[in-house]
Amino acid sequence: MKDDNLLLSMCLVFAPLSLMAIGGGSSILGQLQYSVVDSQQWLTNKAFMDMFAISRVAPGPGTLIVTLIGWHLAGWLGAVLSTIAIFAPSSLLVVAIAYVWHRHPDAAWQKALIYGLAPLAAGLVLSSVYALLQQARGGWIAWCVAILVAGAAQTVRLGPLTLMGLGAILFCALLAVAG
Amino acid sequence: MSQADPLAAKPPAPVPGFLELFLAFTKLGITSIGGGVNGMMHTEFVTNRHWFTDEQFLSGLALSQSLPGVNVANLALWLGYQCRGVAGAMVALLAVLLPPAITIILVGDVVLRLSAISAIATALAGLAVAATGLSLSVGYLAMRYACTDIAAVVLFLATFIGATAFHVSALVVVAVLAPIGIAIGFLKGRRP
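Going down the list, the protein sequences come from chains A and B. Going left to right, the first sequence walks through residues 43 to 221 as the numbering used here numbers them. Going left to right, the second sequence walks through residues 13 to 204 as the numbering used here numbers them.
Be a bit skeptical, because a hint or two may be false.
Unchecked claim - Non-contacting residues of chain A with respect to chain B, defined by C-beta distances greater than 10 Å in every case (computed):
| no. | residue |
| --- | --- |
| 1 | L48 |
| 2 | L115 |
| 3 | L123 |
| 4 | P161 |
Unchecked claim - Chain B regions said to be covered by chain A (calculated; three or more residues, Cβ under 8 Å):
| no. | stretch |
| --- | --- |
| 5 | 74-80 |
| 6 | 138-146 |
Simulated from the structure, these hints should not be mistaken for lab results. For each residue, glycine too, the CB sits at the ideal point set by N, CA and C.
Construct all of the structure, not just a fragment, from the sequences and the given hints.
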């Protein structure tokens, strides 16, 4: 019975986030962290950040962090249900819009959608970055490394995995020296 | 003369079967490491396989990036739908998610056990911070792209402040601002 409640509350936490993920999975990380760590207290902050790191290095979309959280909390059934909860609502919306698009291929409402949602996407992603860095280990070191990695991503032609690797090495070095 | 023209004689690309669709989208899912759609997918789907026109692919990409949901999953749904309707969309989504979902559980299990070791815990913390840096870069680019006028800047600031300051009601912030933004977009489109 307790398990059933956990599965249900997992679905209730993840499904609304699906529709909030405007602009992609990075938009909901702040809210996801707040929900599973602070509000529901399903995970410690360390466990959440570990899973975040894993989801970014593993192949596939980073939002599969939700699959990993579900598996960690409630095994394979938890993994399956949390994955459905995070993907089903937004997927239904996309298919519905694909259907309408097929019948009314008119660029005006496509432009309106993109214009109206792009600022929300940017705001949500940057808000998530702020929330994650506030909770990250290392304090100011975390902020410095993140800003350096972001700067490098804009200026140097390196893949995301290489940038993450270099950033992690820098973080460990700074933590060893100054932490 | 028109009969000799190879372009005119070119048959339309055959509609891909479900297995073909599944395999192609598996590749899209696995190669989307670190976020973002692999640029090679355009070459693969449009130039090589002729499954989609340029316009179909690019409008799908633009919409899948702005609509709620994971970009890669949305793109798969969109393109799968263009090929084979709702069933095609489901097959493409499954192909994008299933192999990486199984991988992350298997890898995650091992790594989470290892993270009890202090050195590995520090390395993971470093990876998380660096990954946040990549998000910062994406967010910065998204902000520069989105903020084309005052209304967009206001929407951006309202979202950022709303989502940062009021955790519980971040969903409400989105539910209120999304229709407002789309409505402004419509009005702007009508103006000559």
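Status of the stated non-contact between L115(A) and chain B (beta carbon gap over 10 Å): holds (12 Å)
Counting residues of the stretch 138-146 of chain B that have a beta-carbon nearer than 8 Å to any beta-carbon of chain A, does the count reach 3? It holds: at least three residues are needed, and the stretch 138-146 of chain B offers 9 whose Cβ sits within less than 8 Å of chain A.
Beyond 10 Å from every chain B Cβ: check whether that's true for L48(A). holds (18 Å)
Closest CB of chain B to the CB of P161(A) still more than 10 Å away: Label violated. Min Cβ-Cβ 4 Å, cutoff 10 Å.
Verdict on L123(A) as a residue remote from chain B, using beta-carbon distances over 10 Å: The assertion about L123(A) holds, with a minimum of 12 Å to chain B.
Taking 8 Å as the C-beta cutoff, is the stated coverage of the stretch 74-80 of chain B by chain A satisfied by three or more residues? holds (count 7)
In summary, the structure is inconsistent with hint 4 from the numbered list given earlier, while agreeing with all the others.
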